[in-house]
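*Asks:* Chains as they are written, first to last, in our numbering: chain F, 1 to 206; chain V, 1 to 395; chain R, 1 to 372.
Incorrect hints may have been included.
[Said to hold, decoys possible] Partial selection, computed: residues in chain R whose CB lies under 10 Å from chain F:
| id | residue |
| --- | --- |
| 1 | 107 |
| 2 | 154 |
| 3 | 233 |
| 4 | 292 |
| 5 | 293 |
[Claimed, not checked] In the DSSO-like style, the derived pairs of lysine-lysine whose C-alpha atoms are separated by at most 27 Å in a straight line are:
| id | chain 1 | residue 1 | chain 2 | residue 2 |
| --- | --- | --- | --- | --- |
| 6 | F | 105 | R | 291 |
| 7 | V | 274 | R | 321 |
| 8 | F | 29 | V | 171 |
| 9 | R | 87 | F | 105 |
| 10 | F | 105 | V | 230 |
| 11 | V | 230 | F | 177 |
| 12 | V | 142 | F | 175 |
| 13 | R | 113 | F | 175 |
| 14 | R | 106 | F | 205 |
| 15 | F | 175 | R | 106 |
| 16 | V | 171 | R | 106 |
| 17 | V | 230 | F | 53 |
| 18 | R | 113 | F | 204 |
| 19 | F | 177 | F | 70 |
| 20 | F | 50 | V | 274 |
| 21 | F | 175 | V | 230 |
| 22 | V | 230 | R | 106 |
| 23 | V | 78 | F | 50 |
For the record, the hints were derived by calculation from the structure and aren't laboratory data. Yeah, the Cβ is synthetic: ideal placement off N, Cα and C, and Gly gets one too.
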Amino acid sequence: MPAEKYITGLCSISNGTVYKDKEQLFENKEADLSGFLLSAYQHFQLNYPKFYKMDNLSKLGWLASEMLLKDTFKKENYRPEDVGLILANANSSLDNDIKYFESAKDVASPSLFVYTLPNIVIGEICIRNSFKGEHAFYIQDNFDAGFIENQVNYLLDNDILQVCICGWVDVLEDKYKAVLFLVEKTNSKQAIAFSAGNMDQIFKKP
Amino acid sequence: MYIAGLGVISGIGNNVAEHLAAFEREEAGMADITLFDTIHKKQLPVAEVKLSNWALIAMTGLPERSSRTTLLSYVAAKQALDDAAIPNLNSFRTGFVSANSVGGMDKSEDFFVDFLADNSKGKLRNVFDHECGSMTENVAEKLGITDFMTTISTACSSSANAIFYAARLIKNDILDVVVAGGTDALTKFTLNGFNTLMILDKEFCKPFDEHREGLNLGEGAGYVVLVSDKVMTTLNKEPYCKLSGYNNSNDAYHQTASSPDGTGSYLAMTGALKKSGLNPSDIDYINLHGTGTPNNDSAEGTAVKRIFDPHYPPMSSTKSYTGHTLGASGGVEAVFSALAIKHGIIYPNLRFETRMNELPFEPQKKFQKGKNIKHVMSNSFGFGGNCTSLIFSKV
Amino acid sequence: MRSPDVFVLADNVLTPLGKTTAENFANLKNCRSAVKQHQHQSLSYFAALFGEAEFLSNQQYTKFEQLLIASIGEALKQCSLDAANKKTVLIVSSTKGNISLLETEKNSPELQKRIALSTSARLVAEHFGFFNQPIIISNACVSGVIAMITGMRLLRTGQYENAVIVGADVISEFILSGFQSFQALSTQVCRPFDKSRDGLNLGEGAGTIILSTNKKYEGNIKVKGGGISNDANHISGPSRTGQELSYAIHQSLKDADLNNSDIDFISAHGTATVYNDEMEANAIALSGLEKVPLNSLKGYYGHTLGAAGLTESIISIQSLKGKLFLPTPGFEERGVSQPVNVIASPLHLEATNILKTASGFGGCNAAVVFGK
């Protein structure tokens, strides 16, 4: 019996702007990506030293997850294994791969090599929040809301997860976009129905 | 990787300007021990920073319980950061990479004496900051650097390693600005320790001299501010120089002695040259590690001969002025190297008289400035065979 | 409503030990290993690589894509499945795909598009005429297992009837230098679970498994269940306790409607790094499976990254069918804390259900169950 599922939270980061639940929380259109991510991190006073070691993809995804969950997610209601992630992008970890490859010409840096896999951003979010549930990282030309909807539905309907963070996190040089959805079985005042249509709409217009 | 700021404090001065003056006056910083009571008083010369802890506390505003290592570190690091004068520092990913070998030992050794006598005595807060990392954390906090910090501790090559680690952080686009270098304060622990190794000179040291008898301990701190290309373009000043080469290699010979043919030194220097794409003949001045011990100077000299023969650049050991500042030496001497390029300086090797028998070269005897110095090599070789060589180049 | 059974209808393993599953299995039975010593500049290392002249990149397809195409082609030959069938989906698993193009081409938007895994998947799909948009998984070393689990679920929900699941990775300088920087490479042929293990061997290969819910395949081996978890501990080191991999195993058993006593054999990840094998052994013990015979195939094939989950599952399915399980080369004396049952000689066993485990960077763990 498929459960009712809701998007109880959103976070969108692109074009130098951070949106949470469709509200603009921060803007910095002057800086390049590294500068923007740093300024956003500082603005939100996030205090997580591991941030500085991350590559831009992980920084972007992690930042988006922090904003997504802040004041919205009631972690105490769930066990670590109940929460998981389904993420996708088009460029995998290519942004960091290129940097790693440059470093390897001189001395290959293990601290850069570790970020040459796209699922590491999932790892960073899990470590930060102690999320131990199921996860997967998919590569898609464009955000495939229908596919993501099916995956998340399966996980929540079969009680493999009780909560799923899903969406898109992509970085390649100065082009970047993150759109994350918090999907739960519990309704809330601002929640909207979880559907491919809703995700698509939000993806196009944060 | 540009060097945009410098800061230094040692036995010959409390800032860059004082150092330049002391170098020109050919005035060494060694004297009798005043910092603490020891059986070696009046027997072993040391190069103390000429400021008491109280004076340093007053200058820096750091808490009274601060270790001298922290105090010296902050003075030099702050100078460097102020010197770089980076506008909008907060918008850049900034790091602090600081090295030291002694940590908060100056405070711990006081605690220990009381505690040993009676284990209900001794102020526990004196050991609170014992470990090397605490020095870095305390200074980073005061400097307002929150993005990234780390501590390197590899004996006498510590701060040289800190500098090139910082360069790699910038090169790999992890940080934009890094304050890098090191600090060490004089302690009874260090003095007694080096004395048991029998490598201290009872007179003022004579690096690279045939009749050298050992080293003099010093203390101090030296930092450079490394910045990326992007940051350099926002600054209203010329960089001092850039870090064009570096290498760290291990001698793999003995914990505290260097191999007779100076393998570690040789590998570090040739590695740094290769990294920078320079030939030995491109080096205009070598700031030798030159501690003044029979063993180091022999090994280093042999390595220099293997690489530079028959065209030796001018070279000297500034430890003849500052003593061996241990974990700070790489940082302090990096500052001297940058100044050498900026002001065209060749530092003299004080008290040098007789060339070493086994070497076909000798260090400089007189202070010179206004020379055309394009490339400087700075050596730091530490216990544990940890050998590092840095090359600085005019931009 | 019970989900339909998911059957394995064909498979292929493409490695330096052979172009078909049968050829590979025959070589493995004869204790042949693809792991050899290689030299790259000043680095001497052990790996299982294709010959230099094999699968040379051409104008149309890179080596990576050729591996995918060759493997899928062989697998399709064994069954009557039409790739163009509207109820068939292609699933591709890889960690780095065409990353080696960075070594030979200049960085540009065109190169970036060419390197993208979507491009490779599209080229492969077009080659065979797959109707539906391919699904691509890139999730470190558990990609292959996640690909099979994803396929199984897509079939259970009826969205598709058949899934062609392929995985491959090519060992390039990019990958070699990376693992080297981690000091993760062994100085010898790797020794999973052994006291003297000192790291992994890298390997090249491709594997394809074709699944279907069509009832005409009743009697074939089934993919019964899967589970995935995250350590939430460290991005490159494994969990300290193995609890999370144990959870993934638990999930896969639950999904398969089985107990741990139903598992007859385990094909472990067993990379032969000090940390992975210790963690994996802990996980297996936590799951109450320490007595179940297990092996690691990485001494034969090296660690084939995006292909590993697939190739090792397929070989284990062969073992299941042929009642012969292969020993773990390199294993002599157990060097993990838990008394796991690593087999060091061929095991003739009438088995019903086998478990495949995998773990990877990013703290990921996955497990899948196959059975009669």
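*Asks:* Hinted pair, alpha-carbon criterion (27 Å max): residue 106 (chain R), residue 205 (chain F). Please report holds or violated.
*Replies:* violated, 35 Å
*Asks:* Given the proposed pairing of residue 50 (chain F) with residue 274 (chain V), does the C-alpha separation stay at or below 27 Å?
*Replies:* violated, 34 Å
*Asks:* Taking 27 Å as the top limit, are the C-alpha atoms of residue 230 (chain V) and residue 53 (chain F) close enough?
*Replies:* Holds, because 20 Å separates the two Cα atoms, which is no more than 27 Å.
*Asks:* Given the hint that residue 171 (chain V) pairs with residue 106 (chain R), does the C-alpha gap stay at or below 27 Å?
*Replies:* Holds - the C-alpha atoms of residue 106 (chain R) and residue 171 (chain V) are around 20 Å apart, at most 27 Å.
*Asks:* Given the hint that residue 78 (chain V) pairs with residue 50 (chain F), test it: the Cα-Cα distance must not exceed 27 Å.
*Replies:* holds, 25 Å
*Asks:* Taking only the CA atoms, is the gap from residue 142 (chain V) to residue 175 (chain F) under or equal to 27 Å?
*Replies:* violated, 36 Å
*Asks:* Taking only the CA atoms, is the gap from residue 175 (chain F) to residue 106 (chain R) under or equal to 27 Å?
*Replies:* Since the Cα atoms of residue 175 (chain F) and residue 106 (chain R) sit roughly 19 Å apart, the hinted pair holds (cutoff 27 Å).
*Asks:* Can the restraint linking residue 113 (chain R) and residue 175 (chain F) be considered satisfied, given a maximum Cα separation of 27 Å?
*Replies:* holds, 14 Å
*Asks:* Quick one, are residue 105 (chain F) and residue 291 (chain R) close enough, alpha carbons at most 27 Å?
*Replies:* Violated - the C-alpha atoms of residue 291 (chain R) and residue 105 (chain F) are around 47 Å apart, more than 27 Å.
*Asks:* Below or equal to 27 Å on CA atoms is what counts here, so check residue 113 (chain R) against residue 204 (chain F).
*Replies:* Holds, at roughly 22 Å.
*Asks:* Take the shortest C-beta to C-beta distance between residue 292 (chain R) and chain F; is it under 10 Å?
*Replies:* With a closest approach of 23 Å, the residue 292 (chain R) hint is violated.
*Asks:* Take the C-alpha atoms of residue 230 (chain V) and residue 177 (chain F), compute the straight-line distance between them, and say whether it is at most 27 Å.
*Replies:* Satisfied, since the Cα-Cα distance of roughly 24 Å is no more than 27 Å.
Violation of the numbered hints given earlier is confined to hints 4, 5, 6, 7, 9, 12, 14, 20; the remaining hints are satisfied by the structure.
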